[in-house]
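So you can see what is in the structure, the chains are spelled out below.
There are 2 protein chains.
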Amino acid sequence: MTSIPRIGIDAMGGDFGPSAIADGAVLAFREMPGRFEVTLVGDEPEIRRALKRAHADGLPIQVVHATERIEMAEKAAAAARKKSQSSLGVLTQLHKEGKLDAIFSAGNTGAVVATALLGLGRLESVSRPALAAFMPNPGGGTVVLDVGANAECKASYLVQFAHMGSVYARYLLGRDNPRVGLLSIGEEDTKGNDLVFESLPLLRRANHLNFIGNVEGRDVFRDTCDVVVTDGFTGNVVLKTAESVAGLLFQRIRSEVAGDPMAMLGTVLMKPALRRVMRQIDWEEHAAAPLLGVNGVCFIGHGRSSSRAIRSAIRTVTTFVEKRVNEHIREEIEADRDTAA
Amino acid sequence: MTSIPRIGIDAMGGDFGPSAIADGAVLAFREMPGRFEVTLVGDEPEIRRALKRAHADGLPIQVVHATERIEMAEKAAAAARKKSQSSLGVLTQLHKEGKLDAIFSAGNTGAVVATALLGLGRLESVSRPALAAFMPNPGGGTVVLDVGANAECKASYLVQFAHMGSVYARYLLGRDNPRVGLLSIGEEDTKGNDLVFESLPLLRRANHLNFIGNVEGRDVFRDTCDVVVTDGFTGNVVLKTAESVAGLLFQRIRSEVAGDPMAMLGTVLMKPALRRVMRQIDWEEHAAAPLLGVNGVCFIGHGRSSSRAIRSAIRTVTTFVEKRVNEHIREEIEADRDTAA
Numbered sequence: 005m006t007s008i009p010r011i012g013i014d015a016m017g018g019d020f021g022p023s024a025i026a027d028g029a030v031l032a033f034r035e036m037p038g039r040f041e042v043t044l045v046g047d048e049p050e051i052r053r054a055l056k057r058a059h060a061d062g063l064p065i066q067v068v069h070a071t072e073r074i075e076m077a078e079k080a081a082a083a084a085r086k087k088s089q090s091s092l093g094v095l096t097q098l099h100k101e102g103k104l105d106a107i108f109s110a111g112n113t114g115a116v117v118a119t120a121l122l123g124l125g126r127l128e129s130v131s132r133p134a135l136a137a138f139m140p141n142p143g144g145g146t147v148v149l150d151v152g153a154n155a156e157c158k159a160s161y162l163v164q165f166a167h168m169g170s171v172y173a174r175y176l177l178g179r180d181n182p183r184v185g186l187l188s189i190g191e192e193d194t195k196g197n198d199l200v201f202e203s204l205p206l207l208r209r210a211n212h213l214n215f216i217g218n219v220e221g222r223d224v225f226r227d228t229c230d231v232v233v234t235d236g237f238t239g240n241v242v243l244k245t246a247e248s249v250a251g252l253l254f255q256r257i258r259s260e261v262a263g264d265p266m267a268m269l270g271t272v273l274m275k276p277a278l279r280r281v282m283r284q285i286d287w288e289e290h291a292a293a294p295l296l297g298v299n300g301v302c303f304i305g306h307g308r309s310s311s312r313a314i315r316s317a318i319r320t321v322t323t324f325v326e327k328r329v330n331e332h333i334r335e336e337i338e339a340d341r342d343t344a345a
Numbered sequence: 005m006t007s008i009p010r011i012g013i014d015a016m017g018g019d020f021g022p023s024a025i026a027d028g029a030v031l032a033f034r035e036m037p038g039r040f041e042v043t044l045v046g047d048e049p050e051i052r053r054a055l056k057r058a059h060a061d062g063l064p065i066q067v068v069h070a071t072e073r074i075e076m077a078e079k080a081a082a083a084a085r086k087k088s089q090s091s092l093g094v095l096t097q098l099h100k101e102g103k104l105d106a107i108f109s110a111g112n113t114g115a116v117v118a119t120a121l122l123g124l125g126r127l128e129s130v131s132r133p134a135l136a137a138f139m140p141n142p143g144g145g146t147v148v149l150d151v152g153a154n155a156e157c158k159a160s161y162l163v164q165f166a167h168m169g170s171v172y173a174r175y176l177l178g179r180d181n182p183r184v185g186l187l188s189i190g191e192e193d194t195k196g197n198d199l200v201f202e203s204l205p206l207l208r209r210a211n212h213l214n215f216i217g218n219v220e221g222r223d224v225f226r227d228t229c230d231v232v233v234t235d236g237f238t239g240n241v242v243l244k245t246a247e248s249v250a251g252l253l254f255q256r257i258r259s260e261v262a263g264d265p266m267a268m269l270g271t272v273l274m275k276p277a278l279r280r281v282m283r284q285i286d287w288e289e290h291a292a293a294p295l296l297g298v299n300g301v302c303f304i305g306h307g308r309s310s311s312r313a314i315r316s317a318i319r320t321v322t323t324f325v326e327k328r329v330n331e332h333i334r335e336e337i338e339a340d341r342d343t344a345a
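Protein chains in written order, with our numbering: chain X, 5 to 345; chain C, 5 to 345.
Same shape as in the complex, but just chain X (with noise of 0.2 Å):
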């Protein structure tokens, strides 16, 4: 790298608005100072209150007014299309110009992937970019993709996919060889759906893949493989039930100790236990899911998104620039096609 990073920020994305933002921002310089510059974009005035407040002065934050703003309950495609001078629209356009390296938005996740794709088009030989989360687990996390770009795929979609979450996992997570899995009802050939069918053979043939077969839901939250490919539609299905069977059951505990003064004790004893369990399967750590295969860097949070999310997610875009990740996907990719033709 000739520069350090210039990472571009949805400022108006996310729940928490520019202040959780400009928090995220300020604790990642605190954690990387001179890796990376940062540019917010939206409402100037907003945003210059809440880097008041979060005592941003002197470090490398430029600021970029954007007029309009997308909403999370906005329809995707009608909003990409339509509101070119939204946050959202404005950096975009830095990114495609050239005057950013990434960008970031914790905003409505179906007008990012669609304002993304309209706006940075693909990467050479990249058929359908998609969406890549992480899921932790205790052998370290798994990247799941598809998660909801493309709800329809054909069997070659789903190879590069494999190609495009073992590059994110050797780069980002620091997988020697991943090994990647088929998500599938069963681990034998004969269970699937026809997408399943179709792509076991293609997988199997793939070049640079250590493609370990078909893999279980199950598999996600174990470690048995470092990425998971799959259909955009199961993708996102495994990601929401994921989190809401994990949500649900804090919820309720929560809620059974609340009135049993015994158990509130309890958890009290057992919070450096819980904490560090917490540590192991923090969503928050990994809040970033990048969109695979688009021509730059742009990746998607949570609308949910803390300062601290936002600080993790710096780091990961920081660390995806400044490894070259685009390249080594357009090579692997491309060595592929070689030599299956």
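Derived by calculation from the structure, the hints in this document are not laboratory data.
This list has only true hints and no planted wrong ones.
The list treats identical chains as interchangeable, and a pair is accepted whether it falls inside one copy or across any two copies.
Distance condition first, Cα-Cα at most 30 Å in a straight line; then the derived BS3-like pairs of lysine-lysine:
id : residue 1 : residue 2
1  : K86       : K195
2  : K79       : K158
3  : K103      : K86
4  : K158      : K195
Model, not experiment: these values are computed from the prediction.
Using the hints provided, position chain C relative to the given structure of chain X.
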């Protein structure tokens, strides 16, 4: 009912074999004496020993010998075709001949589905039987179908799943006007895959359905609907994801607590509260999943079914027969067809 339900159980199915099944049957007789009879099918000497250990003398339990058994890892379709003398094959045949009113197996799920489809056939006017799983949640639970009988589905199947699931929720869970949701990746009509887009208008048009529109993975674990319909691939993935997330959380907490004496004391204090939570999300109390739409009554249990799970399965199967659920399914599907035609 002129007579009490005669329930046949695959004594060789499940990880704990005849002893868990004999114990479970005895528990069920203690809970509901005179409401059902049991026939155990499998290795007779082994079953007799298990019954003796379970103090089952004097209870209305018959034993039918079967020479073969289907292993958990066997290929479903092949086992269903070839092993007609397996405990499962004999059980299904007895049901077909009218000597049993219902059958239950905690064995190889795929083999039970295949054997039941092959041996019993479909209810008149049902296109595809579906496996329905109960997912416990604070609202009392949701029925999800299909969770594995049909990896590929047409939109018209999903409409029938909605009817079958509604009938099940009405008669087995006591829901007056069951709310039915279509599993998708967003509540908006514009989100989903091709199957969702095709199913949505059909479900809206269907008669006798309280259809509430698209729902997400998280709705399975909230009190937003009583029935969630989806294809058997997605449903199976949801089921396994949910199980494994819950399992992972408890496993991590247990392992962190183990090395921490204060935390161990904490769990002792929390035990009553945790037990209340476990009761609310108790899989064992809903361990039997019906294969709805077969021309007979076939329930499938989790391989790890304990004697408690077997007891609750017998309770559910008995209720299913007593309430003549199959007749209601036939009526409901025919009524929709008549008005739709």
